[in-house]
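J.: Sequence:
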Amino acid sequence: MRSTLRRTFDATQNIASIQITNGPAHGNVTVNPDNTLALVMSGSDYSGALSFDFKITYANGTTETRSAALDVAAPEQDAGWGEGKHYMLETDAQGDLVVETGDNHRKVYVSGSDGALTAADIAAREGVSEGTVTGKWLMDHPEYGGSEDMALATDVGMDLWDALLYPSGGTPTIASHWLMFEKGYTYENAGRLIGVAASGESPLHPLYVSSWGEGDRPVLTDPIKIYQLESQNVVFDDIAPQGGILSLGGENIIVNNSQVSDGGGIINIQNTEGFTLRDSDLSHILNPAQTDGYWSGGGTAFFSTNTTGILMEGNIIHHNGWEDDYLPDGSTEGGVPPTMFSHGVYLQNDTSDVTARDNIISQASSVGVQFRGGAFIEDNVFVDNNVAVNMMGGIYESQGDGPIGNFTFFTDNVVTSGAHKEWTHGAVGGRTLGVEVKAIDTTLLDNIIAHLADPDNPEELARKTVTHDALQIRNETVYDDTIIYNWAGGGWVSPSSVTDNGKVTDTDLADQTTIQRFAAEVLGQDKATIAELMEAILADEVDVTADDIIAYFQNGFGVEASGNGSATSHRFIPNALADGIRWDNRINWNNEELPDNGDRVDLGGNHVQYGGTTQLDDLDLGGGALYVNSGKLSVEDTLASSGDAGLIQTINAGQFWTDGYAGNQVLTLQVDGGRFANTGDVTGKTLLQATDGQTLLATSGATYKVTNGSQLIIDGSDARIGFDGASSGDAKLQMQNGSTLTFKGDADGFSTIEEFRSGAWDQAGSPVKSSVTLDGTLRIDLSDYDGGAGSHTLIAVDELLGQLDKIEFIGLGNGLDADLVVDHATDTVRLDISSGSGQGVTDIIDNVAPAVGPVVSDLTDDIGLPTEDQVWLLS
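All letters in the sequence shown, in the order written, are residues 94 to 968 by our numbering.
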């Protein structure tokens, strides 16, 4: 949703500052550094009357209070802006995924070599019959398949893999197992890699299918299928799934650093929430049919429908759906011809929250990419496609759909060489068409569409007799500064396709800035073709990225690149040309570049969606909100929220790590997934609520103090909360006077504050020395508890210290009694619920082992027995 607000102030005085005194009921309003106001409605579906109040302070010290009243219209695009909520893990310094293992983890190494262990080999080693060596048997003999030296033959390895996924038969276990194929081999009949409902332990601890060894990626000829029941948290990495990947329903799937090529398999993702295609090659994919001696269909490399949270990043998508030796009449005597129904990428109009970044899409059968549902499209190169790209915003007249999709932001992309593939058998579709925009209120910023044909090649120019527009805009845009240059072929040319928009200052340099000259330079040749360049990139003979090509064209056309990487301090300023909320959108930053490792960031009170991997020195929320959806954001020095209270939320696979917090403003931490980790000293005022994911209150050497007025709320039984670290240092939780610790029960019970293996460190368990110091109020909320009689451990640590000032029970009743056991002998706090009178009778017991414990009176000050000034409340 786009909102523009203009207010008239006293022009005779200089404004020193503006303060929001009463924010809007929907959306968020902030003050920019130049004292303009930014009202951002992205992420809200509200339309209607809206108001907020603010105070102006002038340079002479006088103040003025104003109110703003406005009417928020419904967005022209029904789905508003995509928020960049994707499934993505942390990456290391080389850009590789950091894949952690959970509690239920085994590695299965498989090899296609002659030395791989067969069932007969294992039977001979063990002195058992070959029929004894089953998947179940191998589960009890983890040495087999557990290392590269003990890699299994394909059939044996898959038997073990299936047994690990389904240890009890038809019901899958939740696990973070790894299936590793040796490189350099082709694996036929490997079977179903991801069985019915097979899922990873969590977004941070997925099922992982990858490779080991040296050589080419392992080729898997069978299709990888996720269907029947949904699977969640699955990562495919560094493999060659020649049979393609199909998901008919799932959540959190990544295909990374993989190769789908020279086969009939495609990437087909349907009814899925969270799909990432990253650093992968999709090339020469063919999936045709034959009828009466003619080809029909060619195949689309990547298709998706009814899927949200799609991330396409760093991929090469080349020459899919057709063959060079095709005959125009489509006869099977030649290769597979192009068709208007085969594309590089086809994202249906019901896809949403799509991000496409740093991809090279070239020589597609018809359209390079169809973004039919709208998208965030940045830093891509579209080369030699019949139609480079279209953005439809969900509009699909033949299906009766209007603008049901997201807004589209199209920035810093390059479109060059309009393909002119022709055939006579069937509909041709567009030729030499650059960018088609049917979406409403699209932003086109700093894009280049240039050189329909190679100006150094008169034959190519003459051959391209059909010239479609460089840029077709069918609905009103918000902004468009696209450079269009020399989009001309051998036939009639639209005047709008030749103009340089008056933006090209050096036409001689622009004439020489072609993809063919770039290819020749990179390949070290006098002349080179697009095909030669792309095949060299695919073969890793040259190191060329989309950013390299874009930089080459921007230099040639005088386009100033966004940021130069020199800034170390960054202020978030919502830009009205786009979403106004995304961290990964560089126009939302004052320097138009993203914060990098070691930088300082001020969010300025804005609400910001984060995804990526960044290690900051300092982060100031400025009273704003930070939503960490994916990847890992670390603050190595100072975390602050100047001016007002701030919020940090982690969800899905998002991680937030901080070296403590000492601010005076309340910092709200909501751990609804992913991971929050404190590596320093938290001494400021906080409200932490953990409902899911992992909460590392303290790692090795760290302390989390719940100070006077602060709260720690553990909501339900799904949260992992407590301590872990790389070494045996102290990890402390310290309640202080006036603090509140709340345990909320649910149908399955309560979560426990304890040491646990987080997976952040590759070790068997947690080596830290954990302690909890009790003080303040312990509140136990049984309002949603439905577990009946039972015992629940609330705290289990190495050392339990201190004493509580107050205990409150909420919702205790329904014929139940409760005993709270504070046990300093076992360093636990336990809640025992039993059948009772229904009056909520509660006993407080401080249990000391009599054989080793001193008399009770001697322990009062040390371990916290109830004293006469302590209050136990039931409500």
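Errors might be hidden in some of the hints.
Said to hold, decoys possible - SDA-like, lysine to any residue: derived pairs with alpha carbons at most 20 Å apart: (1) Lys531 to Met433; (2) Lys899 to Ala882; (3) Lys862 to Ala889; (4) Lys778 to Gln829; (5) Lys148 to Asp171; (6) Lys531 to Gly583; (7) Lys276 to Gly205.
In case anyone wonders, no lab produced these hints; they're calculated from the structure. None of the values given here were measured: they were computed from a predicted structure.
J.: Each hint needs a verdict: does it hold in this structure or not?
T.: Checked hints:
Taken as a hint, the Lys531 and Met433 pair is honoured in the structure, with Cα atoms around 18 Å apart against an allowance of 20 Å. Of the pairs offered as hints, the one joining Lys899 and Ala882 is violated, with about 24 Å between alpha carbons and a cut-off of 20 Å exceeded. For the proposed pair Lys862 and Ala889, the alpha carbon gap of about 12 Å is at most 20 Å, so the pair holds. Restraint check for Lys778 and Gln829: the C-alpha separation of about 11 Å stays at or below 20 Å, so the hint holds.
The suggested pairing of Lys148 with Asp171 is violated, with an alpha-carbon distance near 34 Å, which exceeds 20 Å. For the hint linking Lys531 to Gly583, the alpha-carbon distance of about 27 Å lies beyond 20 Å, and the restraint is violated. About 9 Å separates the Cα atoms of Lys276 and Gly205, which keeps this hinted pair within 20 Å; it holds.
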